[in-house]
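Novice: Chain by chain, the residues run as shown.
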Amino acid sequence: GAGVSQSPRYKVAKRGQDVALRCDPISGHVSLFWYQQALGQGPEFLTYFQNEAQLDKSGLPSDRFFAERPEGSVSTLKIQRTQQEDSAVYLCASSLKTIVNTGELFFGEGSRLTVL
Amino acid sequence: DAKTTQPNSMESNEEEPVHLPCNHSTISGTDYIHWYRQLPSQGPEYVIHGLTSNVNNRMASLAIAEDRKSSTLILHRATLRDAAVYYCILRSTYNQGGKLIFGQGTELSVKP
Numbered sequence: 001g002a003g004v005s006q007s008p009r010y011k012v013a014k015r016g017q018d019v020a021l022r023c024d025p026i027s028g029h030v031s032l033f034w035y036q037q038a039l040g041q042g043p044e045f046l047t048y049f050q051n052e053a054q055l056d057k058s059g060l061p062s063d064r065f066f067a068e069r070p071e072g073s074v075s076t077l078k079i080q081r082t083q084q085e086d087s088a089v090y091l092c093a094s095s096l097k098t099i100v101n102t103g104e105l106f107f108g109e110g111s112r113l114t115v116l
Numbered sequence: 117d118a119k120t121t122q123p124n125s126m127e128s129n130e131e132e133p134v135h136l137p138c139n140h141s142t143i144s145g146t147d148y149i150h151w152y153r154q155l156p157s158q159g160p161e162y163v164i165h166g167l168t169s170n171v172n173n174r175m176a177s178l179a180i181a182e183d184r185k186s187s188t189l190i191l192h193r194a195t196l197r198d199a200a201v202y203y204c205i206l207r208s209t210y211n212q213g214g215k216l217i218f219g220q221g222t223e224l225s226v227k228p
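Protein sequence lines, in the order shown, are assigned to chains A and B.
In terms of our numbering, the first sequence opens at residue 1 and continues consecutively.
In terms of our numbering, the second sequence opens at residue 117 and continues consecutively.
Honestly, the hints are just simulated from the structure, not real lab data.
This list has only true hints and no planted wrong ones.
Here are some of the chain A residues that sit facing chain B, going by a computed Cβ distance under 8 Å:
{"no.": "1", "residue": "42"}
{"no.": "2", "residue": "91"}
{"no.": "3", "residue": "105"}
{"no.": "4", "residue": "108"}
Ideal Cβ positions, reconstructed from N, Cα and C, are used throughout, including at glycine.
Excised from the complex, chain A in its bound form (with noise of 0.2 Å):
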C-alpha cells in the first residue's frame, strides 16, 4: 500500500529559479495539505485543499507560493523567483475524512529544497 509521495525528495535551485513540487496523496484522500518545515523548527501550515478545491491557503508566505489540485488527486506547490529563505522542507499530508477534528493526517517524507 502506497503512502504519500512526494517528488523530487531533493531539490536544489538558483535564486531566481522556478521550482514545483508534487504530492501524490493516497488513494481516495479528500484533504491534502502542504507545509513547510525550516530547519529546527515544526512545520508550518501552507494550505489546504477539499478535493479539488483550495479552501485555505491563508499560510502561503507570499504570491510566489502557488498551489493547485486540479483533478482532485496530485498536486502541485510552485515557487516562483525562488530565493533563499524559500529553502525548506515541503511536506505534503493527505486525509481520508473531512471530520476536521479527528482524520489521521498522513504526512509524505517532504522535499528538501535548497536556494543557492
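Chain A is fixed; fit chain B onto it per the hints.
Specialist: Below, chain B without anything else, positioned relative to chain A:
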C-alpha cells in the same frame, strides 16, 4: 487556535517508560488533543488522539487531566527507534479542514 506548551527536550533510557508533558490551558470544549511524532528525515506520523478520556493504542497511551488543561503522552518502554520530535497539537472543530498547527515540539533522545 489554542496554544500548547511542551519542554524543548527530554532524555530517556532504553526500555524505560517516558512521560512527555503538554500544557494547553486555553483549550476549548471541542478541541481534540493530538500527538504526532517526527523521526529524523521523515514526515510527521500520527501517534494518538483524545478528547476527555485516557486513550491507549499500540504505540502509546494518552493521559488527559480532568480539567483538560494538560495531557501526557506515555511511551511504556522506550526504544532507540522512539527518538524523535513529539508534537502535541489541539485540533478544533472550527479549524478549516482540520489542519494541524505545529509548535516546536519536544525532542526526545533515548540512551542505550
